[in-house]
Amino acid sequence: MTKRDLLPGLLDMLVLKTLSAQTMHGYGIAQHLQRLSKDVISVEEGSLYPALQRMRQKGWVKAEWGMTPNNQRARYYTITTAGRKQLGEQEDGYAELMAGVRRIMKPA
Amino acid sequence: MSKHKSKDVLRGATRTQSGIARDIDEELSFHLDMRTRELVHEGMDEQAARTRAQKEFGDVDFTRRYCASMDAQTERRERSATVIAEFLHDVRYAFRTLRRSKGFAAVSLFTLALAIGANTALFSVARAVLFKPLPYGNPERVVQLQDHPVGDATETYSLAPANFVDIRQQQVSFADLAAFSGFTPTLQREGADPEIIRGAQVTPDIFRTLAVPAQHGRTFSASDTTSATAKQTILSHALWERVFGSDATIVGRSITLDGERYTVAGIMPPHFALGIDDQLWVPYRVSEPLADMVRARRQHYLRVVGRLKAGVTLEQARTEIATVSQRLAAQYPEANAGTLTTVRSMRDVLSGAYSKPLLLLQCAAFAVLLIACANLANLTLSRSVARSREMAVRAALGAGRFRLIRQLTTESLVLSIAGGATGALLAGVLMRRLLAINPEALKTMYNAGLDAWVFTFSLVISVATGLLFGLAPAIGASRTNLSDALKQGGRGSSGGRSRDVASRVLVVTQTALAVTLLVTAGLLMRSFGALTNTSLGYSTDHILTAQLQTTGARYDSASAVNQFYSSVLEQIAATPGVTAVGGATVLPTRGRLSTKLRVVGEPTDESNLPDLGYQAVRGDYFKALQIPVVQGRLYDATDDTSPEEAVIINETAARRFFPRNDAIGRQIRIGPDQNSPPLRIIGVVGDTRDQSVDMPAKPTMFASHTRETWDPTLNVVIRTTGNPESVASAVRAAVRQHDATLAVRDIRSFEDVIGASLAPRRFALGLAGTFATVAILLAAIGIYGVLAYSVSVRTRDFGVRMALGASSRTVLAMVLKDGLLWSSIGLVLGLGVAMGLGRLLSGMLYGVGAHDPLTYVVVALGQLAVVVAACTLPALRATRVDPLTSMRAD
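The listed protein sequences correspond, in order, to chains A and B.
Numbering-wise (this note's numbering), the first sequence opens with residue 1 and increments by one.
Numbering-wise (this note's numbering), the second sequence opens with residue 1 and increments by one.
Since the hints were made in silico from the structure, they are not lab data.
Among the hints, erroneous ones may be present.
Unchecked claim - Some chain A residues near chain B, calculated using beta-carbon distances under 7 Å:
| no. | residue |
| --- | --- |
| 1 | Gly26 |
| 2 | Tyr27 |
| 3 | Glu44 |
| 4 | Glu45 |
| 5 | Gly46 |
| 6 | Tyr49 |
| 7 | Pro50 |
| 8 | Gln53 |
| 9 | Arg56 |
| 10 | Gln57 |
| 11 | Ala74 |
| 12 | Arg75 |
For each residue, glycine too, the CB sits at the ideal point set by N, CA and C.
Please put together the full structure from these sequences, using the hints given.
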């Protein structure tokens, strides 16, 4: 199965969705996305961190240094209220998009 | 991991650029390490795993750089958002705290409003007077030329026309030189009372010299001086508004001045004046008086203004003019020897006299502000001690020391800015009241208002004040030790020692400043008292004065003038309630004309003739003012027509010029011409202070106005039995009856005239007195505050003492001693400073030395009384402490 590239804006949504369940560090987010998408989506890890910085600037996530279970220093990201709101909006938008695509692909 | 919002607000940690870079590096390395480890776990060898991880990652360098710059940006935004959030938080907190201690807030606000208000008001006035923009183009280049006796640069007077012409010809420093002199015509209109207008005759180029064009019409040109038939005039904006209703069509039409038609050539823009309250201008031909060789160089009546050439400094111009004037003195020794011409900036001429008093007053206001700051610092200190527990807890919760200081300083700033705003509003009210005391002399101050500059000043002062009294206590309060504070139960004595010393020092400073102000006010008050008690040589009550002027072709002959005045004076004399009527060309304190004296029969030095004050009097002038006759007699009907003209001199003149006491019968000559007909002295009258109330009499002569009618102005002086104002209408009626085209001006009681001359002193005294009162009140409040606090801290101490048998009197004495000790140190300090500043004040004093012992003693006693009063309440409270409850209290 070839890994498909992400649609723009999708990465943000996926990251927010991931964080909405749990605070994670950058590597954890990457792993989570990989696992759940069953290697379908290729997230160039290099683009993950810039995305996180952008979201941090927009106020959707917060970053704080913490300790991993292995006592290593890592930066943990938490979703904010604004981020949750954004996620909700984005989810709705995405759902609408998928519904539209479905209608075109499968004419009723 | 949730974070407390408040803790974020208190934290102030920031990262540097390298710190940000390190963070990014660490984060990315962590990611790569984790991936490498995972791959190794899956079976790869380390090296291959690492390479694979990096490849999967993508462009690490690009990511690193991008993230670093984004992170820095985010950091910056967060920081500024935090600062604003923190600041708003501080402000809200400050309001909450202040609302809790309403007493403190009220006292502080009141104190600050008063102190800052006073400073703002004075600044506004000083700005209007000293820095007011002059109504000329490029005003800093405009100067005035003045003559003065060699060696005495303070006694300045006008220039003589021939000298002006010569100087103008020979100088190189000025782009333009123009001259003007007074001109007070009577404006006659249909259907309105005639009115005397103060104006000026000007050389036509004066408007170019001052670089001000007309607003309507035009300014003068050289041809305006040549045509004798078509006379031109230019009106001031204010006159145009008031009398002609801003009617633009007046330009080109003619008006009647002194019975002659003048065509209005133009209207000047608002606020333009030559500095003598002039309302209209007519052209002046400077070559006219030159025909009279005697007058040309010896009669000084021209005021000269000039504009410096580009690149020429005031100093250079002054040097050049001095050289020219010395050359003229050598050329015309009888006329010019002993006189020097100097150059002064226009601003200096117009407002120089006020700079010292205003500066003094501003210092006084500033001293009051310092006292207020000391008060508030003390109060803040006391409060901070009570809040040390609160501070310690906040510090333990993570607030950095800087944060705490910022918080406490914000409280002080909130107070000071609120106080400043109130004060600025107060300043407006204060200024109006101050100006009401002295309307005439300080007319320019009417422009003093609350504008942008004044508000900025007020704001800056408020912030500075807040920092001054808030910062030090804040720094002290932030130095808390949590365990200490909690242990002492809120009354932490950690740093208590230094706090005590600090508040004592503040009390000493306050008291010293207040005492200095009190001494100043006291000296000024005694000066004023001495002045008003001075024997002036004339009486001031029950006298009405009015100014008349005989102008126009009708009064070209002496007989016409005499006819008019004697009829008018006769009619006024017949009015019921009038006991004496007379007239003089100049009223006491309203100026001084002088001429040169030669005593017949004594050798004269033509280059150094003595000055003699000149006045012409008519009717019962001396009787109306109750000036006594010391020798000889006053004028009677025979003097009107006697072949030899008679003259009266005052005591000082008699003493100085006739030391053998033989003045009566001797002859004198006056004026520039040494061959003028002599005058015979027929009487000597008592000395009068006619130049100003604080200057002793100078030699003066009183000519008979009947013989000397060349000055068309006469000030009528009327002595009444009742209220002088009651005869005002009679005066107007008399004038109207004998000539309806003539105006009466300035009808007011003589007391008002004298009062006006004293007004500047009264003004300064009023202000100084106000400041001194406020200062001592504030100092008293300060002492009270410190003592009250100290008593409350030592309540337990007093309780123990009294339980152990100390009488209430002992406790009372303890408290009183404490208060008196420190304020006495302040008293001594203040008296010392006042003595040191004595020289600065001496110029403004009269009749009392700057080190007058009586004043110092009274101030010392007064201050002690105030301190004792301030100490009483806390002392009494100390005695009323119940030993048992005090020991139980926390």
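These are the hints, each one checked on the structure:
Taken as an interface hint, A:Gly26 checks out: its beta carbon lies about 6 Å from the nearest beta carbon of chain B, inside 7 Å. Proximity of A:Tyr27 to chain B holds as hinted, the smallest CB-CB distance being about 5 Å (cut-off 7 Å). Evaluation of the A:Glu44 hint against chain B yields a held restraint, the C-beta minimum of about 5 Å falling below 7 Å. This hint holds: A:Glu45 has a C-beta 5 Å from the nearest C-beta of chain B, less than the 7 Å allowed.
Taken as an interface hint, A:Gly46 checks out: its beta carbon lies about 3 Å from the nearest beta carbon of chain B, inside 7 Å. About 5 Å separates the beta-carbon of A:Tyr49 from the nearest beta-carbon of chain B, less than 7 Å, and the hint is met. Interface hint at A:Pro50: satisfied, since its Cβ lies 5 Å from the closest Cβ of chain B, which is below the 7 Å cut-off. With its C-beta approaching chain B no nearer than about 4 Å, A:Gln53 sits inside the 7 Å limit, and its interface hint holds.
The beta carbon of A:Arg56 is positioned within 7 Å of a beta carbon in chain B (closest approach about 6 Å), and the interface hint is therefore held. For A:Gln57, the interface hint holds, the least distance from its beta-carbon to any beta-carbon of chain B being 4 Å, beneath 7 Å. The closest approach between the C-beta of A:Ala74 and any C-beta of chain B is roughly 5 Å, which is under the 7 Å cut-off, so the hint is satisfied. Using the Cβ-Cβ criterion of 7 Å, the hint placing A:Arg75 at the interface with chain B is satisfied: the shortest such distance is roughly 5 Å.
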